[in-house]
Amino acid sequence: MKRKSKCLLFSILAIGIVTIALIAPYITYYDSNKQDLMNALQPPSKEHLFGTDRYGRDMFLRVLVGARCSVFSTLLLVFLSSVFGTTIGMICGYFEGIVDTVIMKLSDVFLSIPGMVFALAVAGVLGGGIANAVFALLLISWPKYARLARSQVLSEKRNTYVDAAILSGSNTIQIIFIHILPNIFGMVVTTALLDIGTMMMELAGLSFLGLGAMPPTAEWGLMMSSGRSMIQTSPWVILAPGFAIFITVSIFNLLGDSYRDWMDVRHKEKGSTSK
Amino acid sequence: MNTILEVKCLEKSYHQKKAVNQVSFQVSKGEIVGIVGESGSGKSTIARMICRLEDADQGNIYLNGENITKVIHKQQREIYKHIQMVFQNPKESFHPKRKLGTSILEGMRNQKISKKSAETRMYELLKACELPLEYAVRYPHEVSIGECQRAAIARALATKPSIVIFDEATSSLDVTIQKQMLDLLHHLQKQDDLTYIFISHDLALVQQFCHRIIIMKEGRIVEEGLPDKLINNPTTTYTKELIEAAFCW
Numbered sequence: 210m211k212r213k214s215k216c217l218l219f220s221i222l223a224i225g226i227v228t229i230a231l232i233a234p235y236i237t238y239y240d241s242n243k244q245d246l247m248n249a250l251q252p253p254s255k256e257h258l259f260g261t262d263r264y265g266r267d268m269f270l271r272v273l274v275g276a277r278c279s280v281f282s283t284l285l286l287v288f289l290s291s292v293f294g295t296t297i298g299m300i301c302g303y304f305e306g307i308v309d310t311v312i313m314k315l316s317d318v319f320l321s322i323p324g325m326v327f328a329l330a331v332a333g334v335l336g337g338g339i340a341n342a343v344f345a346l347l348l349i350s351w352p353k354y355a356r357l358a359r360s361q362v363l364s365e366k367r368n369t370y371v372d373a374a375i376l377s378g379s380n381t382i383q384i385i386f387i388h389i390l391p392n393i394f395g396m397v398v399t400t401a402l403l404d405i406g407t408m409m410m411e412l413a414g415l416s417f418l419g420l421g422a423m424p425p426t427a428e429w430g431l432m433m434s435s436g437r438s439m440i441q442t443s444p445w446v447i448l449a450p451g452f453a454i455f456i457t458v459s460i461f462n463l464l465g466d467s468y469r470d471w472m473d474v475r476h477k478e479k480g481s482t483s484k
Numbered sequence: 066m067n068t069i070l071e072v073k074c075l076e077k078s079y080h081q082k083k084a085v086n087q088v089s090f091q092v093s094k095g096e097i098v099g100i101v102g103e104s105g106s107g108k109s110t111i112a113r114m115i116c117r118l119e120d121a122d123q124g125n126i127y128l129n130g131e132n133i134t135k136v137i138h139k140q141q142r143e144i145y146k147h148i149q150m151v152f153q154n155p156k157e158s159f160h161p162k163r164k165l166g167t168s169i170l171e172g173m174r175n176q177k178i179s180k181k182s183a184e185t186r187m188y189e190l191l192k193a194c195e196l197p198l199e200y201a202v203r204y205p206h207e208v209s210i211g212e213c214q215r216a217a218i219a220r221a222l223a224t225k226p227s228i229v230i231f232d233e234a235t236s237s238l239d240v241t242i243q244k245q246m247l248d249l250l251h252h253l254q255k256q257d258d259l260t261y262i263f264i265s266h267d268l269a270l271v272q273q274f275c276h277r278i279i280i281m282k283e284g285r286i287v288e289e290g291l292p293d294k295l296i297n298n299p300t301t302t303y304t305k306e307l308i309e310a311a312f313c314w
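So the protein sequences, as listed, match chains A and B. Residues 210 to 484, numbered by my numbering, are exactly what the first sequence covers, in order. Residues 66 to 314, numbered by my numbering, are exactly what the second sequence covers, in order.
Derived from the structure by calculation, the hints contain no laboratory data. By construction, the Cβ of each residue, glycine as well, lies at the ideal position given by its N, Cα and C atoms. Any given hint could turn out to be false.
Stated by the list, open to error - Some chain B residues close to chain A (C-beta under 7 Å, calculated; not the full set):
1. F152
2. E157
3. F159
4. E171
5. G172
6. N175
Claimed, not checked - Partial list, computed: chain A residues near chain B (C-beta under 8 Å):
7. N368
8. T369
9. Y370
10. D372
11. A373
12. I375
13. L376
14. S377
15. G378
16. H388
If we strip away everything but chain A, and leave its shape as in the complex, we get (with noise of 0.2 Å):
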C-alpha cells in the first residue's frame, strides 16, 4: 500500500509538469520571447521570480513555457522509442530465424556506437531543430526497448498460455498483442518511465551544444546553453532552467523507480495467491 502511495504521488507530481507544460503559454501575461534590453540580465525579485536574462525575458516565464518543448518533445521521444523498439522486439521474438538475426545485428551495430557521439553525429547532418534532436535519440534509444521486448517474449512463448491461445485459434497478431503483450507491459513502462530522465537530458544536451531546439524557442537545454556564459555574472540565467531540468528528470525517475517496486510488489503478492 506504501508502494502504491508513493507511485500515485509521484504520477500526481509528474502529471503537474505535463499539465504546466499544457497550459503555460496560454496563462502567462508576458510573451515569453519580448525582449525588454532596459530589464536585462536583473536578479530575482518580486516582478520577476527567476530574475531576467541578457535580453530582458523573464526567466521564470520562459521556464514555465519552456517546459512544453523540453518535456513533450522527451515524452514523444520516449513513447516513439518504446512503441517501434518494442514492436520490433516482440516479432523477433516471436517468429526468430532470419528476421531475428538481422534486426538483432543491426540493433548491435546501434548499441556499439556511443550513444550522444552517434546522435550529435546524425543531428549535425540533419542540421539543428528540436524533430531532428527527437530522430536523432530515436535511432540510439529503440535497441534498448527492441532487446528487452525480444527477450520477455522470447520466455513468454514458452509459456503454456500460448499454447492455448493457438489452440482457441487465434492468429499470430492476437497472440502477440493481445495475449503477449500485456504480460510484458509493466516492464516495458518501467522502462520508458526511467527512460524520460535520460532522454530529457540527452536532449537538454543537443539543444546545449546549439543542436536540438533553435532561439528564441525557450527550451531548457538551449536556455542554459545562452546563460553559459554568464554563470558567473548572473547564474540564476544557468540555474533556473537546469533547477527544472532537475526537479523534472527526478520526479520521473522517482515515478520510475516507484512504479517498478509497485508492479514488483503486485507479482510477488499474485504468485504468493496461485500457489
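Put chain B on the given structure of chain A with help from the hints.
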C-alpha cells in the same frame, strides 16, 4: 469403428536425439486411448504434433482422413474446431491477466460465434463442469487448481471438438479431485460421444479410464492393447516394469 485420427510413421528429433521415432496408431470415434510412458518417452511431443504446436520431422497425421501434418495459418486454426487439448498445469494454461470467462469465450469468438451465443454456451459449460457461474469473472489466481482445471476442460469443450487430448491433465491434482475430474470426463465423453487421448505416466489410472493403452519408451511404441489384456499379459520387459511400479502398493 470409424477412424477419426491416424498417425503414421511420425518422427521428431531435438538436437539430433529422436524424441518420437516411427510412431503409428489410429484412434476411433468415441474411443478413449491412453498413452503411457516414463518422462521423456515422447508422449507430450506426439500430442503437440497432433495439435500442430510442433512440426513433425517425418510422418503424417490424418484427421478425418485429411492430412493435417503441415497445415498452417487459416487451415491450422480450422483444425482447432475438431481437436483441443487440456494441459498439465491449469494455472499456467490460462492468461494470468484475463478472466476465466474471457479465455473460455475466446475460441468461440475466434470462430465468429455471436457474443450472446458464446456466452450462453460458456455458462452451459461451466455448469457441466460443476463450476459456479460467477467463476467466469474470476482470474486464474483467484481459483483453486482443481477449479482451474475444470475451467480448462470447459475451454477445451467450448468449440465442440470431436477429439480432446489430455496431457497429464490430472497429474497436478490431488487424489480426490483427480477422481472427481475423471468422473466428469467420463460423463462428458458419454454425453457428447467425444474421443479422448489421455496421456499419463500413471498406468493404474489409465487402466481404469481408457478403452485402449499405448505404452511408449524412448520415442517408440513398445506395446499396445486393451487395458486388462495388457496388464495381465504384458509382452515386453518395459511394460512389466511399468506394471510392477504402478501396482506395487
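Outcome of the hint check:
1. F152: At 5 Å from the nearest chain A Cβ, B/F152 passes the 7 Å test, so the hint holds.
2. E157: 4 Å, holds
3. F159: With Cβ-Cβ at 6 Å, under 7 Å, it holds.
4. E171: Given a least distance of 4 Å, the restraint on B/E171 holds.
5. G172: 4 Å, holds
6. N175: Where the cut-off is 7 Å and the nearest Cβ of chain A is about 4 Å from B/N175, the hint holds.
7. N368: 6 Å, holds
8. T369: 4 Å, holds
9. Y370: 5 Å, holds
10. D372: 5 Å, holds
11. A373: Given a least distance of 5 Å, the restraint on A/A373 holds.
12. I375: 6 Å, holds
13. L376: 5 Å, holds
14. S377: 4 Å, holds
15. G378: 4 Å, holds
16. H388: Cβ of A/H388 sits 6 Å from chain B, so the hint holds.
Of the hints listed earlier, there is not a single one the structure fails to meet.
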